[in-house]
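Next come the chains, spelled out residue by residue.
Number of protein chains: 2
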Amino acid sequence: MDIKQYMQNVGKAARAASRAVARADTNVKNKALTVMAAAIRRDAAKLLAANAQDMDAAKAKGLDAALLDRLALTEKGVAGMAEGLEQIAALPDPVGEISDMNYRPSGIQVGKMRVPLGVVGIIYEARPNVTADAAGLCLKSGNAAILRGGSEALHSNQAIAACVREGLAAAGLPETAVQVIETADRAAVGELITMKEYVDVIVPRGGKGLIERLMAEARIPVIKHLHGVCHVYIDDEADLDKAIRIADNAKTSRYGTCNTMETLLVAESVAARVLPPIAGIYRAKGVEMRGCDRSRALVADMKAATEEDWHTEYLAPIISIRVVKDLDGAMDHIATYSSQHTESIVTENYTKARRFLREVDSASVMVNASTRFADGFEYGLGAEIGISTDKIHARGPVGLEGLTSQKYIVLGDGQVRG
Amino acid sequence: MDIKQYMQNVGKAARAASRAVARADTNVKNKALTVMAAAIRRDAAKLLAANAQDMDAAKAKGLDAALLDRLALTEKGVAGMAEGLEQIAALPDPVGEISDMNYRPSGIQVGKMRVPLGVVGIIYEARPNVTADAAGLCLKSGNAAILRGGSEALHSNQAIAACVREGLAAAGLPETAVQVIETADRAAVGELITMKEYVDVIVPRGGKGLIERLMAEARIPVIKHLHGVCHVYIDDEADLDKAIRIADNAKTSRYGTCNTMETLLVAESVAARVLPPIAGIYRAKGVEMRGCDRSRALVADMKAATEEDWHTEYLAPIISIRVVKDLDGAMDHIATYSSQHTESIVTENYTKARRFLREVDSASVMVNASTRFADGFEYGLGAEIGISTDKIHARGPVGLEGLTSQKYIVLGDGQVRG
Chain A
3 MDIKQYMQNV
13 GKAARAASRA
23 VARADTNVKN
33 KALTVMAAAI
43 RRDAAKLLAA
53 NAQDMDAAKA
63 KGLDAALLDR
73 LALTEKGVAG
83 MAEGLEQIAA
93 LPDPVGEISD
103 MNYRPSGIQV
113 GKMRVPLGVV
123 GIIYEARPNV
133 TADAAGLCLK
143 SGNAAILRGG
153 SEALHSNQAI
163 AACVREGLAA
173 AGLPETAVQV
183 IETADRAAVG
193 ELITMKEYVD
203 VIVPRGGKGL
213 IERLMAEARI
223 PVIKHLHGVC
233 HVYIDDEADL
243 DKAIRIADNA
253 KTSRYGTCNT
263 METLLVAESV
273 AARVLPPIAG
283 IYRAKGVEMR
293 GCDRSRALVA
303 DMKAATEEDW
313 HTEYLAPIIS
323 IRVVKDLDGA
333 MDHIATYSSQ
343 HTESIVTENY
353 TKARRFLREV
363 DSASVMVNAS
373 TRFADGFEYG
383 LGAEIGISTD
393 KIHARGPVGL
403 EGLTSQKYIV
413 LGDGQVRG
Chain B
3 MDIKQYMQNV
13 GKAARAASRA
23 VARADTNVKN
33 KALTVMAAAI
43 RRDAAKLLAA
53 NAQDMDAAKA
63 KGLDAALLDR
73 LALTEKGVAG
83 MAEGLEQIAA
93 LPDPVGEISD
103 MNYRPSGIQV
113 GKMRVPLGVV
123 GIIYEARPNV
133 TADAAGLCLK
143 SGNAAILRGG
153 SEALHSNQAI
163 AACVREGLAA
173 AGLPETAVQV
183 IETADRAAVG
193 ELITMKEYVD
203 VIVPRGGKGL
213 IERLMAEARI
223 PVIKHLHGVC
233 HVYIDDEADL
243 DKAIRIADNA
253 KTSRYGTCNT
263 METLLVAESV
273 AARVLPPIAG
283 IYRAKGVEMR
293 GCDRSRALVA
303 DMKAATEEDW
313 HTEYLAPIIS
323 IRVVKDLDGA
333 MDHIATYSSQ
343 HTESIVTENY
353 TKARRFLREV
363 DSASVMVNAS
373 TRFADGFEYG
383 LGAEIGISTD
393 KIHARGPVGL
403 EGLTSQKYIV
413 LGDGQVRG
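Residue numbers (our numbering), protein chains in the order written: chain A, 3 to 420; chain B, 3 to 420.
It is possible that part of the hints are untrue.
Pairs involving identical chains hold if they fit within one copy or between any two copies, as the list cannot separate such chains.
Stated by the list, open to error - In silico lysine-lysine, DSBU-like type, Cα no more than 35 angstroms apart, as pairs: (1) K287 - K409; (2) K305 - K14; (3) K210 - K409; (4) K198 - K305; (5) K287 - K6; (6) K48 - K210; (7) K327 - K409; (8) K114 - K409; (9) K287 - K305; (10) K327 - K14; (11) K61 - K210; (12) K287 - K327; (13) K327 - K114; (14) K63 - K6; (15) K33 - K327; (16) K210 - K327; (17) K61 - K78; (18) K327 - K198.
No wet-lab data here; the hints were simulated from the structure.
All chains should be modelled from the sequences, with the hints used to inform the complete structure.
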């Protein structure tokens with residue numbers, strides 16, 4: 003198989019299909035989505051059999067337990083994919099929305115129309131459900147999609163792809179509107195991220211290694227999610243009940259998510275009151291604590307944090323803790339160490355809340371809420387294709403709107419420029 | 003001079019200054035802008051003397067007339083820079099604008115806040131007025147700026163930079179909020195476009211050569227303007243007066259601008275009525291016509307267009323002309339050859355106007371208006387840092403808003419995620 007030629011063909015077909023998808027009526031796109039969902043439900047046994055094949059191969063290769071866990075499809079997982087597609091069908095169509103139409107002195111009327119990006123390339127790892135989610139989100143937002151899943155999920159992804167194609171065909175859309183790469187060859191990724199003429203944006207869903215490869219090699223804009231080093235700052239005017247509840251939830255409700263708090267910052271004047279009860283909770287839940295000297299003076303079993311700890315996304319039951327002078331000390335720490343994903347302040351002080359919201363430069367900035375809320379569903383986007391830690395185009399959870407852009411439209415009556 | 007070290011220092015200073023600019027009150031930014039304007043007016047003689055130095059050197063080097071024209075500062079040009087800064091001061095401040103705040107089922111309130119991008123790197127060529135414009139736009143949008151002008155304008159740019167620093171200092175802002183690179187060494191550009199830790203976005207203002215270098219070498223997002231191959235399509239239901247007026251203005255009002263029409267498309271059923279009078283206008287204005295066989299059958303002195311003509315941004319009194327079957331033929335031509343900058347349809351038919359607006363994938367799409375309107379001032383943005391032919395982040399004229407992004411803000415009362 004000539005990978006370069008194969009990917010060029012995929013790209014060319016995607017570009018051609020993107021015009022049809024961009025102008026498709028909402029009803030047509032929704033029909034495709036609901037037929038996809040029905041096909042997935044009907045083919046549940048086929049999907050599970052294909053997944054069993056992938057699981058057997060993965061086990062034979064000795065892949066680790068975490069990966070096997072992500073790779074596994076269950077009956078519930080299959081039903082979840084179908085429901086996800088139906089939920090996307092129920093979301094409002096972002097394409098064609100017109101806003102800010104105003105008359106200008108010349109007599110022309112100028113505004114913006116929301117439009118698809120064109121062709122979206124998605125690169126992801128083990129989880130086969132991403133195939134259905136990404137296909138659905140790209141289609142609803144009027145984009146053609148090229149999906150490149152992990153080689154370990156090849157059979158699962160192809161089985162899901164057949165259902166996706168069935169939906170597209172039933173709605174009269176080109177089957178090439180969603181293409182799932184059929185080769186496990188890693189060279190396909192290299193082609194995908196450099197085919198400027200056929201691909202408009204790359205959305206990677208994977209670990210740091212993948213993102214770093216893309217940052218070095220991609221020649222196409224990437225909506226990227228680097229990592230989440232999230233902070234909670236407990237201010238000296240915090241309500242202590244809220245502070246303890248949020249510090250607990252932000253760290254311990256799930257350890258492996260990007261919106262989990264990694265570093266707790268505490269104002270020095272309340273540290274003696276706040277840290278011992280919070281440490282008690284962490285201790286009871288088996289969370290390893292690593293802190294600055296002042297934190298350690300208050301909590302006997304806390305290890306010393308190193309410079310590296312402040313930079314680390316643990317994705318594990320470990321937390322770093324630091325006592326800071328005040329709001330400015332907290333914001334300085336965040337400006338230095340944050341990955342600009344999500345930060346929260348706990349305070350009852352209006353002015354400090356307002357400053358934190360304005361001055362902290364992260365994709366999500368919160369007052370008196372757990373960082374764990376940084377999520378497309380919680381924010382009301384309906385679904386998310388990823389969470390962006392970039393500053394241009396889209397920041398934070400990326401839903402349908404993040405897969406679109408706005409063009410200018412101008413309505414005139416024969417105006418010319420003087 | 004160690005260019006790498008110099009640029010690293012510039013980057014570090016810009017990153018530090020960006021925090022101060024991001025949180026600066028509107029009044030403070032406006033004061034800086036008005037003091038800059040006053041300093042430029044006061045120092046007009048100094049600026050003209052510095053520019054004369056650049057002009058002498060450029061002439062001695064034998065640089066071409068077009069470049070000398072762009073390099074030259076006049077008294078009027080100096081006054082224009084000062085007025086431009088005052089106009090930017092008068093624009094609404096985009097920073098901190100909050101939108102779409104909604105309560106979610108969990109009780110948290112979620113919305114978006116408009117925020118600066120951080121540090122903007124601008125790379126431009128001869129025109130010294132870009133130094134003042136770019137400084138003003140970046141400052142008003144809350145960004146720190148690193149400006150890298152053409153080596154031929156070094157003295158002019160440094161003289162303007164002194165006025166910019168005076169304004170920043172008078173408002174109590176760090177002088178490093180706007181830094182004008184002091185070396186003509188081209189290696190400085192290579193550093194600027196790869197200092198990921200210090201620069202958030204690059205805005206090039208220059209020719210295709212510069213843009214192509216950035217596309218190959220930049221490691222930072224680029225808001226780029228590749229080129230403008232703009233089309234006007236005269237539909238069979240066009241009002242012929244409007245069609246002729248627009249075809250004239252779009253081509254001949256200025257030849258060197260990116261929003262000038264390069265290719266005129268005409269529906270076959272009206273070609274015989276439309277093309278002869280339009281050709282008469284072009285002929286009278288000395289515009290060279292290159293057309294398809296069917297156009298040439300109607301206009302005796304038209305040369306044959308080659309495949310390359312359909313791809314070419316002439317920036318000169320040359321036009322390519324093609325007879326197409328209908329709207330779909332026009333949209334197919336545009337999809338194949340357009341640079342996705344600006345396209346206009348001339349028609350009185352509602353449904354065709356609506357289809358053209360929806361289906362043509364360009365930064366500006368117009369009905370019954372000259373492509374020459376694609377411009378930040380004409381659109382009401384107040385000023386523009388450039389025109390983007392990209393699809394992500396910003397399309398079309400980029401004003402203050404294009405130099406910002408939106409972060410999510412979340413207001414809670416101690417909510418945690420279940």
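Results of checking the hints against the structure:
1. K287 - K409: Between copies only: 33 angstroms across, 51 angstroms inside.
2. K305 - K14: between (56 angstroms within a copy, 33 angstroms between copies)
3. K210 - K409: both (33 angstroms within a copy, 22 angstroms between copies)
4. K198 - K305: Close across copies (33 angstroms), not inside one copy (49 angstroms); limit 35 angstroms.
5. K287 - K6: Neither way: K287 and K6 sit 51 angstroms apart in one copy and 49 angstroms across, limit 35 angstroms.
6. K48 - K210: For K48 and K210, only the intra-copy Cα distance (33 angstroms) is at most 35 angstroms; the inter-copy one is 52 angstroms.
7. K327 - K409: between (47 angstroms within a copy, 27 angstroms between copies)
8. K114 - K409: both (6 angstroms within a copy, 21 angstroms between copies)
9. K287 - K305: Classified as within: same-chain Cα gap 16 angstroms, cross-chain 81 angstroms, threshold 35 angstroms.
10. K327 - K14: between (58 angstroms within a copy, 25 angstroms between copies)
11. K61 - K210: Intra 24 angstroms, inter 52 angstroms, cutoff 35 angstroms: intra-copy only.
12. K287 - K327: Within one copy only: 28 angstroms inside a chain, 72 angstroms across chains, cut-off 35 angstroms.
13. K327 - K114: between (46 angstroms within a copy, 29 angstroms between copies)
14. K63 - K6: within (27 angstroms within a copy, 46 angstroms between copies)
15. K33 - K327: between (57 angstroms within a copy, 33 angstroms between copies)
16. K210 - K327: For K210 and K327, only the intra-copy Cα distance (33 angstroms) is at most 35 angstroms; the inter-copy one is 51 angstroms.
17. K61 - K78: within (22 angstroms within a copy, 75 angstroms between copies)
18. K327 - K198: between (49 angstroms within a copy, 30 angstroms between copies)
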